[in-house]
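Keeping their order, the protein sequence lines are chains E and P. Each residue of the first sequence is one higher than the one before, starting from 1 at the first, in full-length UniProt numbering. Each residue of the second sequence is one higher than the one before, starting from 1 at the first, in full-length UniProt numbering.
These are computed hints drawn from the structure, not numbers from a lab. Among these hints, one or two may not hold up.
[Claimed, not checked] Below, simulated DMTMM-like cross-link-like pairs (lysine to aspartate or glutamate); rule was C-alpha separation at most 25 angstroms, straight line:
#: 1; chain 1: P; residue 1: Lys-70; chain 2: P; residue 2: Glu-100
#: 2; chain 1: E; residue 1: Lys-78; chain 2: E; residue 2: Glu-164
#: 3; chain 1: E; residue 1: Lys-111; chain 2: E; residue 2: Glu-191
#: 4; chain 1: P; residue 1: Lys-190; chain 2: E; residue 2: Glu-164
#: 5; chain 1: P; residue 1: Lys-133; chain 2: E; residue 2: Glu-146
#: 6; chain 1: E; residue 1: Lys-162; chain 2: P; residue 2: Asp-63
#: 7; chain 1: P; residue 1: Lys-133; chain 2: E; residue 2: Asp-137
#: 8; chain 1: E; residue 1: Lys-69; chain 2: E; residue 2: Glu-53
#: 9; chain 1: P; residue 1: Lys-10; chain 2: P; residue 2: Asp-85
#: 10; chain 1: E; residue 1: Lys-162; chain 2: E; residue 2: Asp-185
#: 11; chain 1: P; residue 1: Lys-70; chain 2: P; residue 2: Glu-102
#: 12; chain 1: E; residue 1: Lys-69; chain 2: E; residue 2: Asp-94
#: 13; chain 1: P; residue 1: Lys-190; chain 2: E; residue 2: Asp-185
#: 14; chain 1: P; residue 1: Lys-133; chain 2: E; residue 2: Glu-164
#: 15; chain 1: P; residue 1: Lys-13; chain 2: P; residue 2: Glu-27
#: 16; chain 1: P; residue 1: Lys-133; chain 2: E; residue 2: Asp-82
#: 17; chain 1: E; residue 1: Lys-11; chain 2: E; residue 2: Asp-94
#: 18; chain 1: E; residue 1: Lys-11; chain 2: E; residue 2: Glu-126
#: 19; chain 1: E; residue 1: Lys-32; chain 2: E; residue 2: Glu-242
#: 20; chain 1: P; residue 1: Lys-190; chain 2: E; residue 2: Asp-190
#: 21; chain 1: P; residue 1: Lys-70; chain 2: P; residue 2: Glu-117
#: 22; chain 1: P; residue 1: Lys-190; chain 2: E; residue 2: Asp-188
#: 23; chain 1: P; residue 1: Lys-133; chain 2: E; residue 2: Asp-190
#: 24; chain 1: E; residue 1: Lys-76; chain 2: E; residue 2: Glu-65
#: 25; chain 1: P; residue 1: Lys-133; chain 2: E; residue 2: Glu-126
#: 26; chain 1: E; residue 1: Lys-33; chain 2: E; residue 2: Glu-81
#: 27; chain 1: P; residue 1: Lys-30; chain 2: P; residue 2: Glu-102
#: 28; chain 1: P; residue 1: Lys-55; chain 2: P; residue 2: Asp-14
#: 29; chain 1: P; residue 1: Lys-133; chain 2: P; residue 2: Glu-67
#: 30; chain 1: P; residue 1: Lys-76; chain 2: P; residue 2: Glu-32
#: 31; chain 1: E; residue 1: Lys-111; chain 2: E; residue 2: Asp-62
#: 32; chain 1: P; residue 1: Lys-133; chain 2: E; residue 2: Glu-199
#: 33; chain 1: E; residue 1: Lys-111; chain 2: E; residue 2: Asp-82
#: 34; chain 1: P; residue 1: Lys-91; chain 2: P; residue 2: Asp-63
#: 35; chain 1: P; residue 1: Lys-133; chain 2: E; residue 2: Glu-161
#: 36; chain 1: P; residue 1: Lys-190; chain 2: E; residue 2: Asp-62
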Amino acid sequence: MGEAIVVTSGKGGVGKTTTSANIGTALALQGKKVCLVDTDIGLRNLDVVMGLENRIIYDLVDVVEGRCKIHQALVKDKRFEDLLYLLPAAQTSDKSAVNPEQMKVLMESLKQEYDYIIIDCPAGIEQGYKNAVAGADRAIVVTTPEVSAVRDADRIIGLLEKEENVAPPKLVINRIRSHMMKSGDMLDVDEITTHLSIELIGIVADDDEVIRASNHGEPIALNPNSRASIAYRNIARRILGESVPLQPLDEVDTGVFSKLKKFFGVK
Amino acid sequence: MKKTQNVLIKGTKDGLTLHLDDQCSYEKLKMELNEKLTENQRVNEDHPLISVSVKIGNRFLTDVQQEEIKTIIRQKKNLVVGSIDSNVIAKSDAEQMMRENEIVSVARIIRSGQVLEVPGDLLLIGDVNPGGKVVAGGNIFIMGALKGIAHAGANGNSNAVISASLMMPTQLRINDAISRSPDITGDEEKREMECAYIDHTDQIIIDRLQALMHLRPNLTRLEGGF
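Next up, chain P with everything else stripped away, as it sits in the complex (with noise of 0.2 angstroms):
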């Protein structure tokens, strides 16, 4: 009794791509899986490896599973999994994309002593005074004095950037970058409508607002045109 097959292999220039039926059960792909992929092995000891993408359609594999899936294939000589892709995701994880990719905003004087967290982009309307912090895992906007602490991009994100009406902090942070206000400060010139960013030699930069729109452009999330 052959049924159609669960598990499909095919051939491209970037390497393997096994087709996963997502219909079948667990156990019976990760069987199916084993044989097939021993009855086509040819030890080839001089072939250099080979990238494998698993595509699983609309199963839901959890972390443990990946995992077996990616020993199972990792067993055969010569074979590495690139990546295992799958249509669908845990909500959890879902929801934890939206609130990265979401713009919080929040309108409050962060003074000092006090710290504000974010996971994504932080739209803040009024003052971080000095002592105060804000954290975000995206960009930072502040319609206000920035006299405090800020730190973008705090998951590990060296495009984020931080804007604010009156650029005054005592330090900024993006990602690992750390920069601090100059000891001496010259003659108070006003700090006005500015953004730092992380150049490519991984120093803060402080520049114009303006010149944001041309060094990071994926800022613009406004479908189409006008």
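Next comes chain E alone, as it looks inside the complex (with noise of 0.2 angstroms):
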């Protein structure tokens, strides 16, 4: 019996869909069967950032209205050997064509079959919101270092907390630029966790790999070089119950020049 972890944020463009198709994954690097469910339906976009765009027959609202089976529209990720696949959003319907009780039924027969449910969620509090979380076990509240931000994710950790089935949400803070951090003009790590006063279970650094690695459908797990990387495969591991330090925030400095400015106490 696996379990589901539905990815949230209220306001759009934190990274959901991002640290969905990541933290899959990295599931799925660590030998975890992971099925991905793409609940934005109207506006998906999971498939892209994973690279199965030109696979989808079938969608979630087919499965839901019983026009094909499940493993019909799951899509298979070539890359992992029978570990991953997509269950893609419908793109020509909308929120309103499926409701948290047929969520409910879903979640439980994926939960069968695979260890990790990844449920990328819409961003706001409605319709969509409610039937990502309806059959959620477990809840992965995405945010950035900025106030609107950790604002939206105030709110919607206290619309989790209400739900009796879902674990106390976890935080992920993406999108961090150490520079800013450490100037001041942007919130830090600290300042968000006592805020939120939630468990942080990752920090992921702001890095042009990301984008670029999602406009290529090759989410950036995968290559084992990236910073942002490594913290999606921790928070992968801090998810199988591993404790996994931070990553610091700095940005790794290995020339000769700033070793010597180390040394000499040179900031």
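If you follow the hints, you should be able to join the two separate chains into one complex; please do so.
Now the structure itself:
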């Protein structure tokens, strides 16, 4: 019996889809059987980020309405040997095409076959959010170090705490720019975690590579050399119950000059 | 057959006091009150209005009955009802009174979009985040950071106070008065252990927590001394 984890944020554009794709990929890299579910009906893009857009035959609405079997709608990720699947959202309907009860049933049946189901939640707190949360056992709240995103995260945490079936949500802080945090122009990690007072499960630095990888349909988690990739893999390990220390935020500076500077205590 | 009177009228320096017996039936009381007041009526247009306080002992009067009694008294010239005193109150009123005097403690974080309302005093063990709101009929004590909205004395109590371990509210409201945070937040000095109250000019003032013991001595509910 697997676990369903919803990735949500309240505010749009903070990286829910990217986080879902990468956590899913990282869990599959750990050998877990993972199913990604896009619940952003009408505005799907998890398939694009995963590079699986061209393989979609059926979608979530088809499954819910009984036009196909679940396994017919699931798109297999070729990069993994039978470990990573995607259940795409419909692009032609809207959020009202599905209701929370149907989602619960769907999640129950997926949980029989998969270790982890990662649910990519749409922005907002309306129908789409309610559908996404309905079948979830755990929740990950994604925010960026911006006041508006933190405000919305706070709202969504309040709503999640009311859900009886969902364990206390965990926090991912995305798109961290260490130089802005250092200069105090951005909220820092401690400030955000004290404010939201939920457990931090990962921090991801802002990295151009993430955007490049997403545009190529290759989740960054597949690239072992990127900092963002390591961050996502760490999140996956923490989900599995390992205790992994947080990555230091400072750029890893290995130049001789900077080492010298460090030696002389110059910043 | 004359028995003890059910209506006693006494004059005091503040006006008249009507003692209404609490053993006889309500109908009988009404009749007798009417008679008593009629026979005693001295038509004297020049006299100022006399205030009457009505004491009804252990009798419970509904709102309608109270109104009836008041009407009977008012019909007599230059009498006005000052108060109706009873030794008993309705259970629901008693419960309401209890609730309004109770300190409700809550251990939670009030997040954006959430509203916490209590009839009496509120003791919040946790924060009020921006966008969150706490409303109390009485005082609000927050053992955490107040960053959202707090509304004390919501049912018209200007004596209510708001105190917080970290006072950084978006808005403070006490009764009808509203104050908001300044637009230009200067250097974030720590606003620790502060309280807010309404002063005599109806302005909300923020002060050190310790100021309260002089301003609102009735916050101390400890009986006796130590």
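Hint-by-hint comparison with the structure:
Distance check on the hinted pair: P:Lys-70 and P:Glu-100 sit about 28 angstroms apart at the alpha-carbon level, beyond 25 angstroms; violated. A distance of roughly 37 angstroms separates the Cα atoms of E:Lys-78 and E:Glu-164; the hinted pair therefore is violated under the 25 angstroms criterion. Distance check on the hinted pair: E:Lys-111 and E:Glu-191 sit about 36 angstroms apart at the alpha-carbon level, beyond 25 angstroms; violated. Simply put, P:Lys-190 and E:Glu-164 have alpha-carbon atoms about 37 angstroms apart, too far for the 25 angstroms limit, and the pair is violated.
Proximity of P:Lys-133 to E:Glu-146 is assessed by CA-CA distance (about 22 angstroms); at most 25 angstroms being required, the pair is judged to hold. Between E:Lys-162 and P:Asp-63, the direct Cα distance comes to roughly 41 angstroms. Violation of the 25 angstroms bound is thereby established for this hinted pair. Our distance criterion of 25 angstroms between C-alpha atoms is broken by P:Lys-133 and E:Asp-137, whose separation comes to about 29 angstroms. Restraint check for E:Lys-69 and E:Glu-53: the C-alpha separation of about 19 angstroms stays at or below 25 angstroms, so the hint holds.
Among the hinted pairs, P:Lys-10 with P:Asp-85 is consistent with the structure: their alpha-carbon atoms are about 15 angstroms apart, no more than 25 angstroms. This hinted pair does not check out: E:Lys-162 and E:Asp-185 have alpha carbons roughly 33 angstroms apart, beyond 25 angstroms. Pair hint P:Lys-70 plus P:Glu-102 does not hold up; C-alpha atoms about 33 angstroms apart against a cutoff of 25 angstroms. For the hint pairing E:Lys-69 with E:Asp-94, the CA-to-CA distance comes to about 21 angstroms; that is within 25 angstroms, so the pair holds.
Between the alpha carbons of P:Lys-190 and E:Asp-185 the distance comes to roughly 19 angstroms, so the proposed pair stays at or under 25 angstroms and holds. For the proposed pair P:Lys-133 and E:Glu-164, the alpha carbon gap of about 23 angstroms is at most 25 angstroms, so the pair holds. About 30 angstroms separates the Cα atoms of P:Lys-13 and P:Glu-27, which puts this hinted pair outside 25 angstroms; it is violated. Between the alpha carbons of P:Lys-133 and E:Asp-82 the distance comes to roughly 49 angstroms, so the proposed pair goes past 25 angstroms and is violated.
Between E:Lys-11 and E:Asp-94 the CA atoms are separated by roughly 19 angstroms; this keeps the pair inside 25 angstroms, and the hint holds. Restraint check for E:Lys-11 and E:Glu-126: the C-alpha separation of about 12 angstroms stays at or below 25 angstroms, so the hint holds. A hinted pair counts as satisfied when its Cα atoms are at most 25 angstroms apart, and E:Lys-32 with E:Glu-242 qualifies at roughly 14 angstroms. Between the alpha carbons of P:Lys-190 and E:Asp-190 the distance comes to roughly 17 angstroms, so the proposed pair stays at or under 25 angstroms and holds.
For a cut-off of 25 angstroms, the pair hint linking P:Lys-70 to P:Glu-117 is broken: about 36 angstroms separates their Cα positions. Restraint check for P:Lys-190 and E:Asp-188: the C-alpha separation of about 18 angstroms stays at or below 25 angstroms, so the hint holds. Using a Cα cut-off of 25 angstroms, the hinted pair P:Lys-133 and E:Asp-190 holds, with the two alpha carbons roughly 24 angstroms apart. For the suggested pair E:Lys-76 and E:Glu-65, the alpha carbons sit about 21 angstroms apart, so the restraint of at most 25 angstroms is met.
Pair hint P:Lys-133 plus E:Glu-126 holds up; C-alpha atoms about 21 angstroms apart against a cutoff of 25 angstroms. Using a Cα cut-off of 25 angstroms, the hinted pair E:Lys-33 and E:Glu-81 holds, with the two alpha carbons roughly 10 angstroms apart. A threshold of 25 angstroms between alpha carbons decides the hint, and for P:Lys-30 with P:Glu-102 the separation of about 38 angstroms lies outside it, so the pair is violated. A distance of roughly 14 angstroms separates the Cα atoms of P:Lys-55 and P:Asp-14; the hinted pair therefore holds under the 25 angstroms criterion.
For the hint linking P:Lys-133 to P:Glu-67, the alpha-carbon distance of about 39 angstroms lies beyond 25 angstroms, and the restraint is violated. Proposed proximity of P:Lys-76 and P:Glu-32 is supported: the alpha carbons are some 14 angstroms apart, at most 25 angstroms. Between E:Lys-111 and E:Asp-62, the direct Cα distance comes to roughly 19 angstroms. Compliance with the 25 angstroms bound is thereby established for this hinted pair. In summary, the hint linking P:Lys-133 to E:Glu-199 is supported, as the alpha carbons are separated by about 23 angstroms, within the 25 angstroms threshold.
Taking the CA atoms of E:Lys-111 and E:Asp-82, the gap is near 16 angstroms; set against the 25 angstroms cutoff, the hint holds. Among the hinted pairs, P:Lys-91 with P:Asp-63 is consistent with the structure: their alpha-carbon atoms are about 14 angstroms apart, no more than 25 angstroms. The hinted pair formed by P:Lys-133 and E:Glu-161 meets the criterion: a straight-line CA distance of about 17 angstroms does not exceed 25 angstroms. Straight-line distance between C-alpha atoms of P:Lys-190 and E:Asp-62 comes to about 56 angstroms, which puts the hinted pair past the 25 angstroms bound.
In summary, the numbered hints that this structure violates are 1, 2, 3, 4, 6, 7, 10, 11, 15, 16, 21, 27, 29 and 36.
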